[in-house]
Every structure is written in structure tokens, then in C-alpha cells.
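Participant: The residues making up each chain are set out below.
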Amino acid sequence: MPDLLLELFSEEIPARMQAGAAENLRKLVTDALVERGLLYEGAKAFVTPRRLALAIHGLPAHQPDTHEERKGPRVGAPDAAIQGFLKAAGLFSLDEAKIVSDPKKGDSYVAHIHRHGRPTPDVVAEIVPEIVRGFPWPKSMRWGKASAETGSLRWVRPLQSILCTFGPETEEPEVVRFEIDGLKSGDTTRGHRFLSEGAIKVRRLDDWMAKLEAAFVVADRDRRKDIILNDAKDLALAQGLELVEDEGLLDEIAGLVEWPVVLMGSFEEGFLDVPDEVIRATIRANQKCFVLKDPSTGRLANRFILVSNLKASDGGKAIVAGNERVIRARLSDAKFFWETDKRTNATVSLEERLAKFGNVTFHEKLGSQLERIRRIAALAKTLAPLVGADPELAERAALYAKSDLRTEVVGEFPEVQGLMGKYYARLEGLPEEIALAAEEHYKPQGPTDRVPTAPVSIAVALADKLDTLVGFWAIDEKPTGSKDPYALRRAALGVVRLVLENGLRVNLKAAIIDAYKPILGKRYYDAASKELSDIENIAERMGSDDLADYAIRFEGSVKAVDPFEDLIPGYEGVAADLAADLLAFFADRLKVHLREQGARHDLVDAVFALPDQDDLLLIVKRVEALGRFLSSEDGRNLLAGTKRAANILRIEEKKDGVAYEGGVDAALLAEPEERALADAIADLRPQIEAALASEDFEGAMALIARLRAPVDAFFDKVTVNAEDRTLRENRLRLLADIRAATRAIADFDRIEG
Amino acid sequence: MIDPALPPHMRPDKSFQGLILALHAFWADKGCVVLQPYDMEVGAGTFHPATTLRALGPLPWKAAYVQPSRRPKDGRYGENPNRLQHYYQYQVILKPSPADLQDLYLASLDAIGIDLKLHDVRFVEDDWESPTLGAWGLGWECWCDGMEVSQFTYFQQLAGFECAPVAGELTYGLERLAMYVQGVENVYDLNFNGRDGAEKVTYGDVFLQAEQEYSRHNFEYADTDMLFEQFRMAESAAAKYLEAGWADGKARHLMAQPAYDQCIKASHVFNLLDARGVISVTERQSYILRVRELAKACGGAWLATAAGGVDVAKA
Chain A
1 MPDLLLELFS
11 EEIPARMQAG
21 AAENLRKLVT
31 DALVERGLLY
41 EGAKAFVTPR
51 RLALAIHGLP
61 AHQPDTHEER
71 KGPRVGAPDA
81 AIQGFLKAAG
91 LFSLDEAKIV
101 SDPKKGDSYV
111 AHIHRHGRPT
121 PDVVAEIVPE
131 IVRGFPWPKS
141 MRWGKASAET
151 GSLRWVRPLQ
161 SILCTFGPET
171 EEPEVVRFEI
181 DGLKSGDTTR
191 GHRFLSEGAI
201 KVRRLDDWMA
211 KLEAAFVVAD
221 RDRRKDIILN
231 DAKDLALAQG
241 LELVEDEGLL
251 DEIAGLVEWP
261 VVLMGSFEEG
271 FLDVPDEVIR
281 ATIRANQKCF
291 VLKDPSTGRL
301 ANRFILVSNL
311 KASDGGKAIV
321 AGNERVIRAR
331 LSDAKFFWET
341 DKRTNATVSL
351 EERLAKFGNV
361 TFHEKLGSQL
371 ERIRRIAALA
381 KTLAPLVGAD
391 PELAERAALY
401 AKSDLRTEVV
411 GEFPEVQGLM
421 GKYYARLEGL
431 PEEIALAAEE
441 HYKPQGPTDR
451 VPTAPVSIAV
461 ALADKLDTLV
471 GFWAIDEKPT
481 GSKDPYALRR
491 AALGVVRLVL
501 ENGLRVNLKA
511 AIIDAYKPIL
521 GKRYYDAASK
531 ELSDIENIAE
541 RMGSDDLADY
551 AIRFEGSVKA
561 VDPFEDLIPG
571 YEGVAADLAA
581 DLLAFFADRL
591 KVHLREQGAR
601 HDLVDAVFAL
611 PDQDDLLLIV
621 KRVEALGRFL
631 SSEDGRNLLA
641 GTKRAANILR
651 IEEKKDGVAY
661 EGGVDAALLA
671 EPEERALADA
681 IADLRPQIEA
691 ALASEDFEGA
701 MALIARLRAP
711 VDAFFDKVTV
721 NAEDRTLREN
731 RLRLLADIRA
741 ATRAIADFDR
751 IEG
Chain B
1 MIDPALPPHM
11 RPDKSFQGLI
21 LALHAFWADK
31 GCVVLQPYDM
41 EVGAGTFHPA
51 TTLRALGPLP
61 WKAAYVQPSR
71 RPKDGRYGEN
81 PNRLQHYYQY
91 QVILKPSPAD
101 LQDLYLASLD
111 AIGIDLKLHD
121 VRFVEDDWES
131 PTLGAWGLGW
141 ECWCDGMEVS
151 QFTYFQQLAG
161 FECAPVAGEL
171 TYGLERLAMY
181 VQGVENVYDL
191 NFNGRDGAEK
201 VTYGDVFLQA
211 EQEYSRHNFE
221 YADTDMLFEQ
231 FRMAESAAAK
241 YLEAGWADGK
251 ARHLMAQPAY
261 DQCIKASHVF
271 NLLDARGVIS
281 VTERQSYILR
291 VRELAKACGG
301 AWLATAAGGV
311 DVAKA
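For the protein sequence lines, the chains are A and B, in the order given. Going by this note's numbering, 626 is the number at position 626 of the first sequence; the sequence numbering is gapless. Going by this note's numbering, 205 is the number at position 205 of the second sequence; the sequence numbering is gapless.
To be clear, the hints were calculated from the coordinates, so they are not data collected in a lab. In this text the structure is predicted, and so the values were computed from the model without any measurement. We put the beta carbon where it would ideally sit given N, CA and C, even for glycine. Hints may be right or wrong, so weigh each one.
If the Cβ cut is set under 8 Å, some of the chain A residues that face chain B in the computed set are [said to hold, decoys possible]: (1) 143; (2) 147; (3) 157; (4) 306; (5) 314; (6) 319; (7) 325.
Use the sequences and the hints to build the structure in full.
Facilitator: Here it is as C-alpha cells:
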């Protein structure tokens, strides 16, 4: 069966788009073929900086023939209907149609249409131009003379030539002919930009691969990655060093070269004074080079690995020398920043450094970074005792934690924020807790990041995340759908993981209300300031930016007032409402988190449905105990019994229009089973409550399990809807007692099963 | 390959001015008009009307020029070997972008002594955007042995208008390129005139004092009251000229270039104010928007001129 080869040759495709484009090309072309009845045996896409290619193996030479029966109008229908039918079916006259009889509808025409499948190249010539025109590049462009007209071809960068061949393995393939915006398909391509000259004629895939390889192009992206990685490791090993592997960088570099040549360069040892992470960030981000580690010290070596796209005539000497010069210049910048920061930290007090954050807006409605840092510090101090940290130390750590954001190094390399804070704190001789908190308070970032365990780090990390959440909740910037620009889901998950993985007991509601205090204080003050709101209102009506600017500036001058002293009475009520909303968000995050760990989300719901659940650790303990209980036979049966009780109650309460709640009359308990159940409940309830009060969830589950037998016996022997009205109502009250007893543990109604 | 007929002091790898002359010779040979720098303070070669305005409209255009560029914030008091608040860009603009633009660019590198069999030249994604000009394009930064030596952009939009046809823009960072071909680590050590001994003039001889003086000016002393006032004046003058320039019921514009001068002025004044740190984050955005509005209005006016593609005889 024949094979298809398609290559779209262009100017350099951005590295980050290459893998996605290859996959899109494969999917779009194969889907279009299948849709037209052309099944294939295999397809593989290729991508280099200058070409996007697809090889499809085992395609039929033609589409299959098709047969269609098309029903027409009845015999004797008006001429317009007949003509329409003939046209649609592609018939010349009614002689070519058959007549079928139907006992109900009478005689009508039917056309049998045979279609011969079209040759595959014709189909390809039709679909490829369409796919190229509509190709889903993240960003595309127009170019050249053609771009004077609207609707000209768009591609990621100028498209220069198209190769498209089709044919069986044993024969000379044919060129699939088509034209896109004046670009005609052919059977030639080009090799490496600098190492090869002229056009290369290609027949099919194996030929394409071999000829490109001879023209210094490794078409297969994975092979380029392998070459880079293996050569880099070999070069490192030869020097007794270890490659610091970096998958993201490897991916990017593989998209920048067609002929990878791996080389090693070095820099002056003096630069190793700069922290490893900064060296790595510089070399990686700006130069796209790998760094190397000295296995004997674990620290970086003064070597780097670069990947060039050229087999140079001098063996790469000039390339290495050039890269070394750039890296030297970059590292002297980094070293200069590092030295400047050290000098500044030694001579300028933290207070003065913090003052600069007053000019940096955190969010227009949430004030400056300085205000935010002060809020976090106050909250960290409040939270400290709950996590076993020293309050004064937690406050100091929080004030220090973000100070590295204004340093030169972090200004240049934002990815080392926090880490630099740690280094600078150590250099300033601050307690190690403060240094650690500077680095760790951003953690955990996401579900797999490490969770800090040092108490001061925990206090600052919690305060940082709570302030963020509470702030954006207060100004109503909650995540919606896939939009979460402030990464609030990640912040909430961070809180969940900090609490759970450190086994912390925190009443989130109280903590949230504490966090709201300064934010609402400020917002209330602003809202109450009449002049300000007037200007804003007027500005809104006039749509004037200038007035809005005045309002913002005015707001700026109001900010100087200490927000803590301007709390408007009633803030606590508002805070509690916002807290309830935010707690529901935490519940969602917790559910997602527990589900990922294999817990049942309905159990989390069942526990969250209980009043005043804001202690994440207890919630999880309770969910775990509940899960174990429900997987036992007692648990399953009790759940069924409780659900049955709840169902009956729901129906009867609706019928009667009353809610049954407690007050079982012992004198009316006629049957032994109902007496036994009432006794058991009366006996167990205080014990369960005591167990729960001492947070002994396993104990509580063991106690409630003892209800199973009496509940089963009750439903077995006793008819709830007795003839006697007083008996019936008393039994309904007994059912309500079952519900109440189980609700001390969880809302069994919300449990599935 | 460097023209072997050149005397040593004229060689692009020996002298800063030799580098400029070699690029002039190369692009003049390719049919560009070789222009002189625009006589106003600008942040980049793109601001020259030969790029911003000429890239708009349907008429073909090929130009090359050096543009002194001012970035007040990049001043380092002459103490940084790479960063300058005043530097030179070599700018080439070709409309429509020719099919062999990449090859032309590579040939220009060859002409200034970068041997493409010896050096690793690469095109690394870099999308260009100028918020103040309401402009964007796609292209690359061009690397030579890991160093960015040029920007290569296919303009898609300028002053808020689609480019039809698209122009290709090449911007060479002249100091960097010269440092590379001369093998110098510090910009101030560049040989400016290609001579040796007592006759040698370095980049530092020409510009070091200026870098020190202007850094002081940009960061410490630039008169902000005056600058705020100048911004307002430039903005209102631009609006006035734009308004007054319309003729034939908005079919033609007679003063697009004088209006655009004021837009350039406002943009530079804003850069100075920004360097002085007197513009807050919120205000910053609104200043950028104000300059962009001017640029857009100037682009619209330009498109109603003869060079912008209007058939003046008909209009």
C-alpha cells in the first residue's frame, strides 16, 4: 500500500510550538483522511526548527467506492420536485431512477447512486491546503507581497516550500500537486542552513530521512534530544563532572537546532562566589546552556554545556569562545548584583528597605506591598502559637520574607525569589528560622511541592496565603471556571497541605476573620470616605480616566491612616459572611485533595455538612474513621438502616407537615425491639458525644456500630406506620433519634450507597 | 567576507565607524535609501518616521540608517561595560518583506566579518511589541555564538493599523556587534576610528563623559516640572496639528509628520519621567496609553497622505 510524505518547510518555528504543531498536523491530516474513507496503517509527525513533516504509511490508492440509495418524490409529483431530485442525485432523466411501491404511500422514485472512490492524491491535494490555511498556531503572521491583500496565507513564520509525495514503496512516487497562495507543492526540500547547499530531491520517508541526515538535519526530535543528552553526559563525565539535567531546557534546545553539536565551555572560578541557583538561572535563561556539578562537592563546577547548530570548520573553538564571553558578561552582571545586594543589606536597615515597598502596588484595591507585608506579619504573629512558633520571631520573619523582591538579583532573576532571601538573611546574621521562612513561605506551590515543617516557616506561609485569599475574596476576585489569575486555588491547597501534613489544629474561620480585619478596615474606611466615593461615582458617570486617577491618588493619601484603628462597627458580621464563603472554597479544595489521595468525596461532604467544621485536621480524621467504619459490615448495614429511617421520616414529615425531633415516650414503646433500640440510643448517645469531644473518632465509630443490631431488629419486627396514631408518632420520633445519633458523626444522608 | 580592498583602519572588525560604513555599503547595494538619523530623541530606531510611518500603507519602501537611541533608565554612569543610556541601532526596513530576507541578513553578517562556517548563528523566537506605538510583529532575536546581535521582525501592525503589505525590519545593536567582531569586553574600549597608537579614538573617548553626565541628569536632576509640562504641551500640540491637518473632508492629511514629531517628543519625555521614578505603576499605564493614542492618530493621518498611499491627484 502506498505511503504519503508531506513536509512544510519554513523560516524558524519557535521551539515552544514545535511539539504541539507536529501533533496537530498528524491529527488534522489523518482525521481528514479517515473522514473521507481513507484508513491508514500508521502515521508519524516530525518537526525541526525549519520543517514540519508527516509520514503516513499504508494508505489505499483510492477511496472505496460508495453506493447510496436516495429516495425521491412520488410518481407524478410536480415537475419542480422531480427536477430537484434529478439534480441532487446527479441523474439526467427519470429513466435512470427506479420506482418502488409502498402499500401506504404509493409509488415513488429512488435513485441508486454509485460513486467511484477518488484517487488518494486528489483527496490529499484537497485537504492539505485547507489544513495549512486553518492551522491552529498559537500565533501566526502574514508576510511578503501577498500580505498586501486581505485573507492572505498565515503561518507561524514565512512558509517557503512544500513537499508532498505519494506512492508505493517499490515504485517512483508521484508528486501530489496543489498550490497555496502561489506556493506549489513539489518533491524537493533543503538541508541544514549553513552545512548544506541547494535543493534535495526526495521520494519517500526513508529517503527523506537519509538525505536530510546527509545534509546535516536530524529530522526526529526525540533523536536530537537523545544525542544532546548523551553527548552532554559524555562530555561531563570526561571531566569528572555531572550534568545537571533539565528536561524543559532539553526540550527547548532540541527545538533550536537541526544538527546538534554539543560543546563544553568554562568560566572563571571567581564567579562561583555567586550562589549556584543564580549561576544556573543566568546560564539557563539567557544562554540556554546546561550547568555541571562537581560530584565531590555537590556544588556547581565552572563549566557549562552549550549546544550549537553547527559543525564548525575549526571544531567549535570560535563558538565556545563566543559563548564563554557572553556567559562571562552575564555572570559579571550577576556577581555585581549579588555584591550590590550584600552591600545594601549591610548598610540600609530593614525598615528603610521595607519603606520602598510602599511605592509598589500589590493590587489597586488591596494597597501596596508594604501594607500587605505588614498584614502578613500581624497575622503570622497571631497564628504562631497555633503552629508552635514564637510569635515575635514569626512576625520578624514575615517582615523579612519578601524583602528580597527589591534586590538586584531577584529583579533580574525572579525565579530565585525566596531563595535569595534565605542567603541574604544568613549573611545578615539573622536567626536561621527567619532565613528558612524567607525561602519556604512561598511553599507549597501546587500538589507535589514540598511542604515546610519549620514552625516559623509554617506561620508565615499560612499568613501569606490567607492574606492573599482573604484579600481577593474581599474585593470579589474569586476564581471562576478555568480563570484563576491570582492562583487562589493553589493558595488554598497550600493552606490545606500545610495544615494536614504538619498535623496542625487551626480553626480556619477564626484565622480568616483575623485576616479580614485589616483588609476590611481599609475597605470600609475607603467606602465611608464620602469625597472619595463621590469622585468615583462622578468619574464613572462621565467615563473619565482623569477623574478616576484623582480618585486613586486621593485614595493613596487616605492610605496613610492606620487601618487597624478605623474598623467600622459591624465588620465582624461581614467578615463572617465572607469567611463562610471562603470556607466553602476550602472545602472544595480539600475534597479535590482528598479525592486525589483516594478518599471518597461524599464522605468529605457528609462531614462538612455538620455545623462549625473549620478544623481541617479533624475533618480529615473524621473522614478517615468514617471511611473505615463504612467499609465494615456493621457500617454498611447501619448506613442502610439510617438511610431507611431518614427516607421514612422525610416522607412522613412531609405528609404530616411537622418535623419529628426527639421526645420519645418510653411508655408508648410497645414492642421489645423498639424498646431495645430506644435504650441503646439513650445509652450510646452520651458516650458518642464524649468520644467526639475527646476527638476519638475511632471510638465514636465503634460506639455507633453498636446501634446496628438494634436498628436492624427494629426494621425487621416493628411497623413504623402503625394504625395507632400515638404509636406511629412515637416511632417516628425514635427514627429521628437514629438520625440525630448518626448526625453527631456525619450527615449520613450525603453518603452514597 | 570583508571587502579585501579595505585599508585596515576601515575594516568593520577593526573600527566602529568601519562597521557602520560596511553595513551602509551592503544595504545601499541592495537598493535601500541610506538615510541619516532622525533629528529628535527617540528610544529606538523603529521610532524614525522612515520606519513607523513608511511601514504603513501600500507603497514599497527600502531604507537603512543609523539611529542614536536613548533609554534614560539604562544609564549606569559609565560604570557598566554593556549598558548605555545612549547607543546606536542600525535599522533596515524593507516593504514588502522580500522572500529572501533571512538570506540577505546572513549575507550582511558575512560582509562585516562573521564567518557563517565558523560561528553559530541562530534565529530564536522573539515576538516584538511596542505598547507606546500600538505595534507588534513576529520574528526572532538573532544569536551569534549565544549573543543576541540583532532583532528580526515582520511587522504585523503599526500605530494600530494592519500592515498591508508586511514590512521586514532588521535592527542591529551596533555596539554589541562591534564588541563581538573587535573582540572587546568593554564597550568603552571599542576602537572607534580604526587607528592605532596616538591616533586611536575609542568609544569611551567619544561617549564616556556623556554617559556619566546623562546618567546624573536622567536619574537625579532632570527637571520633572518642566518634563510634565512638556508632555502636556507635546500632547496638545500633536492633537492641534492632527486636527488642523485634515483636508478635503478627511480624505487627505497635510501635517502627519509634524504631528508625529510631537508624539515622539511625548514618548521621550515620558521615558525621562519614568527614569526619574516620578510615575507610579497605575499612572505609567495611562501615560503609555496616551502616547499610543497619539501614535494611532498619526498613523491614521499618514495613511491619508501621498506617501501613505493616497493618490493625491484623485483625492
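Participant: Does each hint fit the structure? Answer for all of them.
Facilitator: Checked hints:
no. : hint : in the structure
1   : 143  : 5 Å, holds
2   : 147  : 4 Å, holds
3   : 157  : 7 Å, holds
4   : 306  : 7 Å, holds
5   : 314  : 6 Å, holds
6   : 319  : 5 Å, holds
7   : 325  : 7 Å, holds
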